[in-house]
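Asks: Given next are the chains, with one letter for each unit.
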Amino acid sequence: MPLLEIRDLSLCFGGLTALSNFNFSLDRGQLVGLIGPNGAGKTTAFNVVTGVYAPTSGRLMLEGQCIAGAPSFRINRMGIARTFQNIRLFAAMTVLDNVLVGLNSSVTHGFWGTLLRSPRHQREEIEHEAEAMRLLGTLGLADRADVMAKNLPYGDQRRLEIARALATRPKILLLDEPAAGMNPQEKIELMALIRLVRDRFGVGIWLIEHDMKLVMTICERITVLDHGETIAQGTPSEVQNDPKVIEAYLGEPVG
Amino acid sequence: MSRKKSENPDRPPAGAAPPSASAFEPPHAASVSPLWQTIRSNWMIPLVLLLLWPANWLVHDSGAIDSYQRRIIMLVGVSMMLAVSLQLINGISGQFSLGHAGFMAVGAYLSAYPMRTYDPQNPMGLVAYFIALAAVVGITAGVLFAIFFLIRRSGRLHPVMPSLLLLIVGAWFLVDVARAAKYEMPPAHFVWSRSFALLVDLFDGILAVSLPVANNISTFMPAAARPTLSFLIVLIGGGLCAAVAGLVVGLPTLRLRGDYLAIATLGFAEIIRVVITNSAPLGRATGMSGIPRLANFGWVYGGVIVTILVVWRIARSAKGRNITAVREDEIAAAAIGIDPTRHKVLAFVVGAFLAGVAGGMFAHFSSYLNPQEFGFLRSVEIVVMVTLGGLGSISGAIITAIVLTTLPELLRGFAEWRMIVYAALLIGMMLLRPQGLMGSREIWDLIPRFARRRAPVPSPTTPEGGSNAPP
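These protein sequences, in sequence, are chains R and G.
In terms of this note's numbering, the first sequence is residues 1 to 255.
In terms of this note's numbering, the second sequence is residues 1 to 471.
Read the hints as simulated data drawn from the structure, not as lab findings.
Careful, some of the hints might be misleading.
Ranges of calculated distance between the beta carbons of each label pair, as one might list FRET restraints [to be verified]:
(1) 426/G - 16/R: 45 to 51 Å
(2) 418/G - 111/R: 41 to 47 Å
(3) 202/G - 16/R: 50 to 56 Å
(4) 148/G - 241/R: 32 to 38 Å
(5) 439/G - 213/R: 51 to 57 Å
(6) 17/R - 143/G: 43 to 49 Å
(7) 256/G - 27/R: 50 to 56 Å
Backbone N, C-alpha and C define an ideal beta-carbon position, used for all residues, glycine too.
Pulled out of the complex, with its shape left as it was, chain G reads as follows:
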């Protein structure tokens, strides 16, 4: 180990390496308390959120921005949230998901649904709504899981049993649905329809019981804060619903890779869209209108900031390193103690949650939802933003989200040519920079002063590293 002895204990001054980076010095930050560091990395957040007040006034009340521009600004915000949250799934965790519009739709519809009839003075009622929803979904999932479990366990009796049972259950289910559709019989005649009606009854029952209680709790809250709180509750509730959807899709499909996962998630998003198109309470294909316009500039961009913060902090932490390690090499990651499934699901669920919140924002500023808006093209659009910005680059996703959302509007003057220009730009971009706008770097990596400390140092072939090259 002659090399080790001859090695200079101080690392070469590549980049702006702080003293801590030396292997042989005690950690510098032992002198700086971790609590102080926590404060130092968080103190700006409330400040930035406070700055949204004047910005909100500027966009809405100053008269400097008309309603068309305002709508585009809001759409840009939603695009940024979607692109950054998909960056967590597609870029950082490396799972090619084409279902982001599906998660967005879940968040949008389920957060907007209670708001059309809501009582602005009863925010806790919305909590009751989500609890009822969770109960219904939980019971359904429990029953389905029990059936699945029984079918699987039946294999112990005879190897043919699982397939046989699956066939019977599937056939029964199909016949039941088909008969209900064909004869338009009252739901009670068919097990499937009847159980669906039971779930609806359960949902209504829970709401009927819990709404007065919730109303009582709400009266303890300051009246002025209640509508704001209501909106916050539906945003988070919608996000949680999307996260549950992410879990449901994620657990079985995450063993798939690449194209296969893309197709599976695409299928999921289509299922969501078709279910919405066919369910009466959500307005079927006509769409859902009359959603209160609660999301203003401050809300949307507050959401953007939170999204960026969440994804950034996950990406630059032990969790994010584990997720990236699973992306790079699943077998090696497992061999050093990382549970690959857990980390993939984590990225998927957090990404889905943020997409659901973005959907909630979208619902509450456009005031009208149509299942067509959550189709395949919307998913592709978000994937294009992420890929074009550079897989793994959060700032890249932000930049492309802004450009790709405003570009079609800026090109409106070209009328029928605009989509061709748009497409040509995409093709040109991919030819000139196949790794995306930013590659896997961030925009501030380009400015030497702000370059990350762990940015790549010169390769060993350069004179600087040459002295340390192996003999």
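Bound conformation, chain R alone:
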């Protein structure tokens, strides 16, 4: 049984079918891509998996448990973390605080512990800060811990989002266009980082990306969406040579 299993998932907004009969599975340690032209329903697929939308029909299983329609925060606690296409950091908080918020599910001291600064509260604050700093170190942001998130350069913001997602100790990490707006050098670094994250944290990574070079290089499998329909699925080379994919991206062949 795969870690994440999606069977015949559909999502309709009124008459518009944003996603139809979507099938997918993902295991720990895998690196899988999701591509497609703009408006194909890629981010919608992420939104359904993370509980932003409830699917109209179909099954959505995490470790054999149905998570369809569960609220976002509960799905995260069950082991799915994500980043966003348009970066959604907590802008007015520091880099360190952003990651510390990600550690919220491992906070065990309650309301009174907070008010009385109980020993457990003190211990957890220290441990969490150390853990957050370790995470930031792994992602190369340790020297920026005290900077406001909004003052970070773009590439660092993307990496901070990954750090924050990893802080929730996910089993599956969804990356929504992690390379958007990065220069070629940063993209090369990002590829190394994504591999590093997969190996060190043992998560299954599912990523949406428009940069074909990046996707084809690091992904083991790729799903191609167009107008909510899955038009191809397979290894990078299979997908690359699929006539339907070429058609979706370049239009119909002439002559």
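Please build the complex by placing chain G on the supplied structure of chain R, with the hints as guidance.
Replies: Chain G in isolation, oriented as in the chain R frame:
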């Protein structure tokens, strides 16, 4: 990841960074026991509270301060409590509430009501009063919830059912109230009035049964401590009532944002005021007088200290970070496992509780309550304090609470000009510092030595951060 390798493991010495801040060293405080840290952060509190004794003597008995000044000092204290507690709701949790006067009124009236007839030797009787109140409110809420639940569930029979049932229940309710008002019939004739009378009977019944028991328990307490304890009980009880009101308002309205939430909370505060204006036991529009003057300087400023402590500790902890995260981006917060509703309600309920306690303080030093004092303008005044002090800045809220409460008094010499000066100051302030007096910082952030360790370090463009900038 060439950058990661070349990176200096020690963080740049920006600000006064203690060794723990380094990512690659084990946490420094592993050597300092958490218990010791708890003691270290708490030992000052009883000391500061003890200092209130001499301060209380200075304000009340030394003769250095006359009764007019004393009243202003007390009002400043209540304003500080209100402003700091609203800072938790409006600043830290980012929900624009205009209903703070409503919570204050709930705390003021419900804590003062039993005190007018109370027996100073029976503090547990006040506990019985709040238990009776809780029973009545609980039963009412239960019945209302059951009706609501039934209406909602009726949708399973037919989609039109909920609207139909809602219409019937609403019409029945309106007709019933209107008839009771028009004919001034004895309450028994109308279901609504009759059920209200039943609740009053229930309240009296619980009190009649529990008061003697409570009296017996009270006799075990030292006689000298009983009045003090009584006041503490009504303060906390009033605060809890306000917290329940906060929960009742919060749960349905917190899905609203910005202006909409402001209007909803404003409406709630007006409902509270109108209910008080029309209920005979609370003195209607004439007000409630004869409340014992139990709140002295020590009580009020003890309340101020507790309020600041509670809000400060929530703000600077995991809870506060979660609350701020929800403020910054609700979707992102939910995506990393934070329940947005829970944290919004938490901020709202704690803020309401503290406002209720402030109301209790107010009731017990002014000795007279009038519904007019808890109107829209009072709410706006508190919001002005918070906004002017800087959203998110606790010390900013304290400073503006002091200034804005004393300023109208200091300007009394200008007679009719004083409100214009006051308004001009507000406008000038907003033009010159739209982010408020302190922004989101605290006053001690301005003093380098006390600056928070996580204060913003120089941006990457400065030479210091430049060496670490991406290639």
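Asks: Look at each hint and say if it fits the structure.
Replies: Here's how the hints hold up against the structure:
1. In this structure, residue 426/G and residue 16/R meet the distance hint of 45 to 51 Å, their C-beta atoms being roughly 49 Å apart.
2. At roughly 43 Å, the beta-carbon separation of residue 418/G and residue 111/R lies within the given 41 to 47 Å, and the hint holds.
3. For residue 202/G paired with residue 16/R, a C-beta distance near 54 Å keeps the hint of 50 to 56 Å intact.
4. The supplied range of 32 to 38 Å is broken by residue 148/G and residue 241/R, whose beta-carbon atoms lie about 59 Å from each other.
5. A C-beta distance of roughly 44 Å is found between residue 439/G and residue 213/R, which places it outside the suggested range of 51 to 57 Å.
6. Range check, residue 17/R to residue 143/G: about 44 Å between beta-carbon atoms, so the 43 to 49 Å window is met.
7. Judged by the Cβ atoms, the range 50 to 56 Å given for residue 256/G and residue 27/R is violated: they are separated by roughly 42 Å.
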